[in-house]
Amino acid sequence: MTHRMTEGVPSQTCAFTVEYPADGAQPASVRAVLAGPWLVGTVSAVDADVRAAASDVRAIDASRVHEIDTVGAWVIARLMAESGAVLIGASDKAQRLIAAVQDARPQDEPPAPAKPLAARMVARVGENVIGAGAGVLAILSFLGALLSALGGTIAHPRRLRGRALIRQIELVGIDSLGIIALMSFLVGIVIAQQGAVQLQQFGAEIYTVNLTGRLAFRELGVLMTAIMVAGRSGSAFAAQIGTMKLTEEVDAMRTIGVSPTEALILPRVLAAVLMMPLLGFYSSIIAIVGGAVISAVTLDIPFWNFIARVQEVVPLRDLWVGVVKGPVFGLIIAMTGCYQGMMVSGNSEEVGHRTTNAVVQAIFVVIVLDAFFAVFFSEIGWI
Amino acid sequence: MSGQGTGGAASEAAITIEGLDNRFGDHVIHHDLSLQVRRGEILGVVGGSGTGKSVLMRSIIGLQRPTQGQITVLGQDVDAPPQHGMGDIRSRWGVLFQGGALFSTLTVAENVEVPLKEFYPDMSARLRREIARYKVMLTGLPQEAADKFPSELSGGMKKRAGLARALALDPELLFLDEPTAGLDPIGAAAFDRLTLELQDTLGLTVFLITHDLDTLHEICDRVAVLADKQVIACGTIAQLMASDHPWIQDYFNGPRGRAAAAGHLPVGDALDFGAQTKA
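Each protein sequence line maps, in turn, to chains A and B.
Under our numbering, the first residue of the first sequence carries the number 1, and numbering increases by one thereafter.
Under our numbering, the first residue of the second sequence carries the number 1, and numbering increases by one thereafter.
In short, the hints are calculated from the structure, not lab data.
Since the model is a prediction, treat every value here as computed from it, not as a measurement.
Keep in mind that the hints are not guaranteed to be accurate.
[To be verified] Taking lysine-lysine pairs in the DSS-like style, the calculated list, with each CA pair at most 30 Å apart, reads: (1) B:K117 / A:K115; (2) B:K158 / B:K117; (3) B:K229 / B:K53; (4) B:K117 / A:K93; (5) A:K115 / B:K158; (6) B:K53 / B:K158; (7) B:K148 / A:K115; (8) B:K148 / B:K117; (9) B:K148 / B:K158.
For reference, chain A alone in the conformation it holds in the complex (with noise of 0.2 Å):
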């Protein structure tokens, strides 16, 4: 049991007793006899059997309370409160804290704190239903502002924020070519080496070449920057924006007539939609460069003459599948970013929450984008 600390007092716990006339008959004369210290680190002992005592007490004996604080006084008057007992031989300090917190006295019972499952599974189906559909306007209303800030930039292109669109494309595009080399290097090997060990079966390992760097042309690299830049720099717009939000930055900015779509949302999508069709490129040379060093190790084909074959084999149209897809990639996930940014209110959990979303939203629609584009280049004879 815990107490708080006291000096020279004699008893270090709270008590409670009942006591009940001998013979029975009188129940008007049920006492509560209460000793101790009623305290804030002791009064938890006896809460239980003051509860159950609330239905038969009649008289309720504080004269031994030697110490009380507001927590004690609380539970003496909620007894006093649910029994309809008098309160008798309480000290001066007693009977002010038990006024102070009679005062407090919440007006009904707490709420039960949960409803029952079913009706709570209905409440969130239902909450998450009509959220959905607020989700569906709130893009769209993001997307006409993202429009209509692009077009008054276009027509008025001074309004371009050129410092911030550059240090965002210094954020976005320079500062992760070392991560972008390290990754797309390794997965080259990796395909490399697995195409390899299969093809090897049918003594055809030449076209390990083909399938290193026709692959990683058409998806490999962009599809893996792409991830790199959601989990980058995606969350780092909605992790921005959001805490700009939170510290009412954003309501500052159009105060002072600031566009926040203008300032903060537009230099990222451009610097997202510019650097993805390049790093994906350069996420593609790298995978070959990895495949050619691990294809020079294991299939004894020479460094050089792996690239030389990779210029006969991979047709130009292999970029282009490629390059297409980054700007529409960048987009998706800037824009998820940035909406989910500009989505926090209220407290900083949100900014995790939303950060996560962002990054979550983005690879799944990147993905589910990049199937379809799949299909589509496979239709227009583009194989």
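Assemble chain B onto chain A, guided by the hints.
Relative to the frame of chain A, chain B by itself:
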């Protein structure tokens, strides 16, 4: 009315600061600062911006380790390693930060429950909820506010909610950092009355940082003035006004100071006023 649970005399000091030095790099905030806060009083702390009022408070509550000096709170050395449980000095004080510093992901009632949960893990959830609710109402918030999140509250309500959390453990000592800053005059006056009332009912010792001259006149028993890296004066407002230090003269006898002095009720009336508002 003195702090409960300690056998000491009523005149015993709640906070004793001796020879306190605080410096950040070369920048000296406090040098050889000494101050005593008596049990059961409301001590106002004033000083110009950058004189280290908040640093002083942070030093007392152990958030800022002083470069030098001795701080004793309720008979315990603040610098001593914290012991958890009932002996913990932190269970005997409550702090209201300037912006309320409520945990934004918890409702007001849950905010009040945090210290209870931390220090009394054995307490039943039901009792803890009840305590949180009456504490919220004790600070003058409506019942519904208990289930709201801090972001749904106005500035004044946030301060009251912060006060409810500061009072969660029935502390003996209450630290208030500019409690009336950012409140409208009516809200500020109501907060002053609330402070006075709680101090009177609960027998609190209050360490109050403020710029609000009305607050100083209405509720402070004594006022400590921070300037020149030290407490240059500490006493009742009448004593301070008699001082010839130029900053104190400017502060209390400037236009705002005189207006506040003219507007304030005599001390006896002020106490009655506080007592009447809530039986």
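Each hint, compared with the structure:
1. B:K117 / A:K115: holds (24 Å)
2. B:K158 / B:K117: Distance ~21 Å between B:K158 and B:K117 Cα, so the pair holds.
3. B:K229 / B:K53: holds (10 Å)
4. B:K117 / A:K93: Holds, at about 26 Å.
5. A:K115 / B:K158: holds (28 Å)
6. B:K53 / B:K158: holds (22 Å)
7. B:K148 / A:K115: Holds, at roughly 18 Å.
8. B:K148 / B:K117: It holds: about 19 Å lies between the C-alpha atoms, which stays within 30 Å.
9. B:K148 / B:K158: holds (11 Å)
The structure shown violates none of the earlier numbered hints.
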